[in-house]
Amino acid sequence: MITETFLQNTGAIRDLCHDICFELDELLNYEKFNETEKKDIKDKYNKAKKIVDKITELGYFNKSYEAKSKKEIIKNIEDILSLEKKSNVYAQKVWLNEITKVEDFNLSDFKFCVKRLPYDLKNLSKNIEEVFENKKDFFETNLISNQNITVNLNSMGEDDLNSLPFGVVFGVSEKSFIMASDSSTFCSLKQKDFETNNLQEEFFGDFKVCIKGSAVRIKTPQKIIENNLKNPLYKNNNAVILNAKYTKPVALFCYGYNIKKVNLLKRKLSFIAKKIGVPLININLLKYYQNNKNYFTTSVLNRKVFNEYVDNIAKDLQLYCKYDFKAGAKRLIGLNTNLRYNFIYKFSRNINSLIDGKDFDEADTADFIVEMFLKAIEKHNVLTKKREKANGSPLFFPDDNTFIALPKDFLKEEQ
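Start counting the sequence shown at 1; every next residue gets the next number (the working numbering).
Rather than coming from a laboratory, the hints here were simulated on the basis of the structure. None of these values were measured; they are calculated from a predicted model. Note that beta-carbon positions come from the ideal geometry of N, C-alpha and C, so glycine has one too. Among the hints, a few may not be true.
As the list claims (entries may be wrong) - Estimated spans, in silico, between C-beta atoms of each pair:
| id | residue 1 | residue 2 | range |
| --- | --- | --- | --- |
| 1 | N336 | E371 | 23 to 29 Å |
| 2 | L7 | T337 | 52 to 58 Å |
| 3 | D324 | L7 | 56 to 62 Å |
| 4 | N123 | Y246 | 27 to 33 Å |
| 5 | N123 | S299 | 36 to 42 Å |
| 6 | A12 | A327 | 49 to 55 Å |
| 7 | S125 | D25 | 30 to 36 Å |
Construct the complete structure from the given sequences, taking the supplied hints into account.
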């Protein structure tokens, strides 16, 4: 229902009307629609365009309309919203075909609707079971892909936002998709009679789910991805609402970095996935960065992404080995913070070869990794001292604010 308050927000309604026209036009480019479907979409697009022209003619968008035109303006807005709602069936078909089936997962090309879970290892199994046993009418999810994997959630705590996302993957069937936003992760559940300044809502019994965004019922996965490609390494603000009658959890997902044993979260998730009979989708974070290396466009962004990647490795190493690798790296002679990050990265890349073939239990493996790390530090320090003596003076190292090149293999694709 169009409230008086929302009617005053001409800018928002203008954007909404133009966005509906734009998204209908985009649907026409989808190759899998037959000629009858394309004709119907084209007709709806033409009707929507005429409605926008009419509202413009009445002077609403520049706030020059007469009071007697108000009823006609409201009727036109309601008509264009009706066209959006009727076109949802076509958006549903796109979501059905574009969302990746878990059995077809390929790190170089995938799209998943996921629900991120809090980083709570003690209650991990319980939190996952609650999602699988959920009896609600809809699921609030986020779209991730081979181009956008970061999930921003306003409801997560600071610790969760600093951790790699993980959680549950949802399947998408023919009638699953309800609506989506490509500009916000925020949606809310209200009593059906609660007045909101939001036209984007879907009713479920005595409640309604509200979502921020324009033309949300006909958003397609690819348009959401494209809208977030300005900064794909960080920004991924979207929300996807799925109908619980036509969708269900089909897998678990997490991010990793191809280091044996140390990723305790991945191992726990693997155990839970086997227990409940679903696959675990493991997204190799390093391979993701290598696949998207064209987006590493500035030295500041490069270093920020790389350091956060190493932070996550160091966090898992500390959890597994009970040793603070970042603090230990401060013993390295002549290296500033950025170069110490480089050192930890290079060491982490060697862990698999160091423990390969070793018949160690958990504790011995952890102790061995720390031992090798300390030996690597000592070797570096010995060589640095020799170079300093040979040069006749201390080596010069930039300060922490000076950009240091990343290790050459960080963005080099693995063969």
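Each hint tested on the structure:
Taken as a hint, the range 23 to 29 Å holds for the pair N336 and E371, whose Cβ atoms sit roughly 25 Å apart. Range check, L7 to T337: Cβ separation about 54 Å, and the 52 to 58 Å hint holds. Distance hint for D324 and L7: a CB-CB separation of about 58 Å, consistent with the stated range 56 to 62 Å. At about 29 Å, the beta-carbon gap between N123 and Y246 stays in the expected band of 27 to 33 Å.
For N123 and S299, the Cβ-Cβ distance of about 40 Å falls inside the hinted range of 36 to 42 Å, so the restraint holds. Between A12 and A327 the CB atoms are about 50 Å apart, so this pair conforms to the stated range of 49 to 55 Å. Range check, S125 to D25: Cβ separation about 47 Å, and the 30 to 36 Å hint is violated.
Figure legend: structure checked against the earlier numbered hints; the only hint not met is number 7.
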